[in-house]
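Protein chains in written order, with my numbering: chain A, 1 to 403; chain B, 1 to 57.
Simulated from the structure, these hints should not be mistaken for laboratory data. Errors might be hidden in some of the hints.
To be verified - Only part of the chain A face toward chain B is listed, based on derived beta-carbon distances under 10 Å: (1) Arg47; (2) Trp172; (3) Asp204.
Claimed, not checked - Calculated pairs, SDA-like style, for lysine to any residue (alpha carbon to alpha carbon, straight line, at most 20 Å): (4) Lys338(A) with Phe305(A); (5) Lys41(A) with Lys31(B); (6) Lys304(A) with Glu320(A); (7) Lys31(B) with Val23(A); (8) Lys41(A) with Leu169(A); (9) Lys41(A) with Ile47(B); (10) Lys41(A) with Ala45(B); (11) Lys31(B) with Val22(A); (12) Lys31(B) with Gly17(A); (13) Lys41(A) with His55(B); (14) Lys31(B) with Leu28(A); (15) Lys41(A) with Leu51(B); (16) Lys338(A) with Glu250(A); (17) Lys31(B) with Leu169(A); (18) Lys383(A) with Ser56(A); (19) Lys31(B) with Lys383(A); (20) Lys31(B) with Gly18(A); (21) Lys31(B) with Val26(A); (22) Lys31(B) with Thr20(A); (23) Lys41(A) with Tyr44(B); (24) Lys31(B) with Arg19(A); (25) Lys41(A) with Ala53(B); (26) Lys41(A) with Arg52(B); (27) Lys31(B) with Leu21(A); (28) Lys31(B) with Thr16(A); (29) Lys41(A) with Phe49(B); (30) Lys41(A) with Pro48(B); (31) Lys31(B) with Arg24(A); (32) Lys41(A) with Ile56(B).
Claimed, not checked - To list a few chain A residues with every Cβ distance to chain B over 12 Å, as calculated: (33) Ala31; (34) Pro80; (35) Asp85; (36) Thr177; (37) Pro266; (38) Gly289; (39) Phe305; (40) Glu320.
All residues carry an ideal CB built from backbone N, CA and C; glycine is no exception.
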Amino acid sequence: MSSSVNSDPGAGKAGTGGRTLVVRRVGLLAAALVLMVVGTKDIRALRVYRETVVVSNALTAQVPLSAYFDGIRGTLMDAPVYVFDSGVPGGSVLILGGAHPYEPASPVMAYVVMENITVTRGRVFVIARANMSAASQGMLGNAYPPFFRVKTPWGEKQYRIGDRETSPLEQWPDPFTFVHYPSTQNLAYQDSRNLNRTFPGRADGNLTERTSFAISEMIRREKIDLTIDVHEASMGYPVVSTFVCHQRAEEMCMMAAMMLSAEQFPMKTETSPKSLRGLTHREIGDFTGSFAVLMESPEPFIDKFVGPMTEELMLTGRDEFMQIAADRGLLYAEYDMKTGATLDYRVGRHLGGAAEVIKQMGEFYPAKKIGVTWPTYAEVMEKGIGYFLHDPAKADRRRVFLN
Amino acid sequence: MILVQEVIHQIYFVMAGLIAVVLLTRLFRRKTRPGLAYDIVYAYAIIPFILRALHIK
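Between the sequences and the hints, there should be enough to build the whole structure, so can you do that?
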């Protein structure tokens, strides 16, 4: 080291000046390392955190997604699949949560389902975190809090707020242009890591494509009748508060939207555009036998014009800039800052929306009827989602899973 | 195909580690721009490469 210092014109001559220079640089390096350790505390916590779920007694199996396609085994994308089989012949449904982790009403809805579900006919499959890699990092440049906490009668339950796309730690590099398989449609480069742009997936594709392929394989092998992909949308996005449905599921979605709008909350429906490739509502409908439905709830947190993106905004959805946008008619869903768009409201919408679509599938196709219950929209609005989340410390250990 | 992807992906981390080593070397051993400001820049710029090489960020 001393020879290097001697070779540095700025170091002056060997001796006290050289040692001072080395000490200065070691000090700066140590300061940088301290800064790195302190500054990445939340990043490291988000990377390793696992959510706890107390699954209902209706659980019959938990299998890794890689059981359907080995190409994702050993990766963060190998999500656990929870199976609730009544043992009575009937229809089957997949609830797909967490494809975009920065839309957290989606996995939380899946958790509320898993913790409270009863099944009397047919089968229910739940994936709460479809893209765990994306859930393990924050969104670059958006200053999101890493976690949010839900109050329950026994304490607080913590959930993560993630990103939209698979982390570069799991998949790199991005292509200059992402060419969707098999349509060959050109998409934005980052969509190569977007789980909801890579369906139906491919067995020898990138990690996100392989994950989509594994989910498609599961749907095909299990002959799942209905796939409900749960999302949240910014309120300046036209398909907010909407079912987006493959044309084969069009009628059941229309009926479900009508019933929900008449009895519970405003809900629109839209048929999946045939030219919009890679999304579940298009590709699962085209490449599997399943009816494909995507649900969007209103999430002010992800709109670009809101104020500070805090945990409170995530939980309450109350924002003055959102109100200004609403007053000027710039939003595609009703908004009132007094009530906001709380997590309870968004999760309740998803619970009610999924239950209604399942019910309508049974009306249109009696052989595919599923007998299932979970907390209703009205119950969640009255009691809050925390009421329906169970204390892992007091639960039967066989029912507690780290997700 | 998957193997090639995996090799390229691992090269990513190796490259990040190598750049961190180069920056570290230059922090202590360089012939131009010896001032304090450059010392700070070199020390600070190492951070993202260490984080990437360690699979943290």
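Comparing the hints with the structure gives:
no.: 1; hint: Arg47; result: 7 Å, holds
no.: 2; hint: Trp172; result: 5 Å, holds
no.: 3; hint: Asp204; result: 4 Å, holds
no.: 4; hint: Lys338(A) with Phe305(A); result: 18 Å, holds
no.: 5; hint: Lys41(A) with Lys31(B); result: 36 Å, violated
no.: 6; hint: Lys304(A) with Glu320(A); result: 13 Å, holds
no.: 7; hint: Lys31(B) with Val23(A); result: 18 Å, holds
no.: 8; hint: Lys41(A) with Leu169(A); result: 17 Å, holds
no.: 9; hint: Lys41(A) with Ile47(B); result: 14 Å, holds
no.: 10; hint: Lys41(A) with Ala45(B); result: 18 Å, holds
no.: 11; hint: Lys31(B) with Val22(A); result: 14 Å, holds
no.: 12; hint: Lys31(B) with Gly17(A); result: 16 Å, holds
no.: 13; hint: Lys41(A) with His55(B); result: 14 Å, holds
no.: 14; hint: Lys31(B) with Leu28(A); result: 19 Å, holds
no.: 15; hint: Lys41(A) with Leu51(B); result: 12 Å, holds
no.: 16; hint: Lys338(A) with Glu250(A); result: 34 Å, violated
no.: 17; hint: Lys31(B) with Leu169(A); result: 35 Å, violated
no.: 18; hint: Lys383(A) with Ser56(A); result: 19 Å, holds
no.: 19; hint: Lys31(B) with Lys383(A); result: 68 Å, violated
no.: 20; hint: Lys31(B) with Gly18(A); result: 14 Å, holds
no.: 21; hint: Lys31(B) with Val26(A); result: 18 Å, holds
no.: 22; hint: Lys31(B) with Thr20(A); result: 17 Å, holds
no.: 23; hint: Lys41(A) with Tyr44(B); result: 17 Å, holds
no.: 24; hint: Lys31(B) with Arg19(A); result: 17 Å, holds
no.: 25; hint: Lys41(A) with Ala53(B); result: 17 Å, holds
no.: 26; hint: Lys41(A) with Arg52(B); result: 15 Å, holds
no.: 27; hint: Lys31(B) with Leu21(A); result: 14 Å, holds
no.: 28; hint: Lys31(B) with Thr16(A); result: 19 Å, holds
no.: 29; hint: Lys41(A) with Phe49(B); result: 17 Å, holds
no.: 30; hint: Lys41(A) with Pro48(B); result: 14 Å, holds
no.: 31; hint: Lys31(B) with Arg24(A); result: 17 Å, holds
no.: 32; hint: Lys41(A) with Ile56(B); result: 10 Å, holds
no.: 33; hint: Ala31; result: 7 Å, violated
no.: 34; hint: Pro80; result: 22 Å, holds
no.: 35; hint: Asp85; result: 32 Å, holds
no.: 36; hint: Thr177; result: 17 Å, holds
no.: 37; hint: Pro266; result: 40 Å, holds
no.: 38; hint: Gly289; result: 27 Å, holds
no.: 39; hint: Phe305; result: 28 Å, holds
no.: 40; hint: Glu320; result: 33 Å, holds
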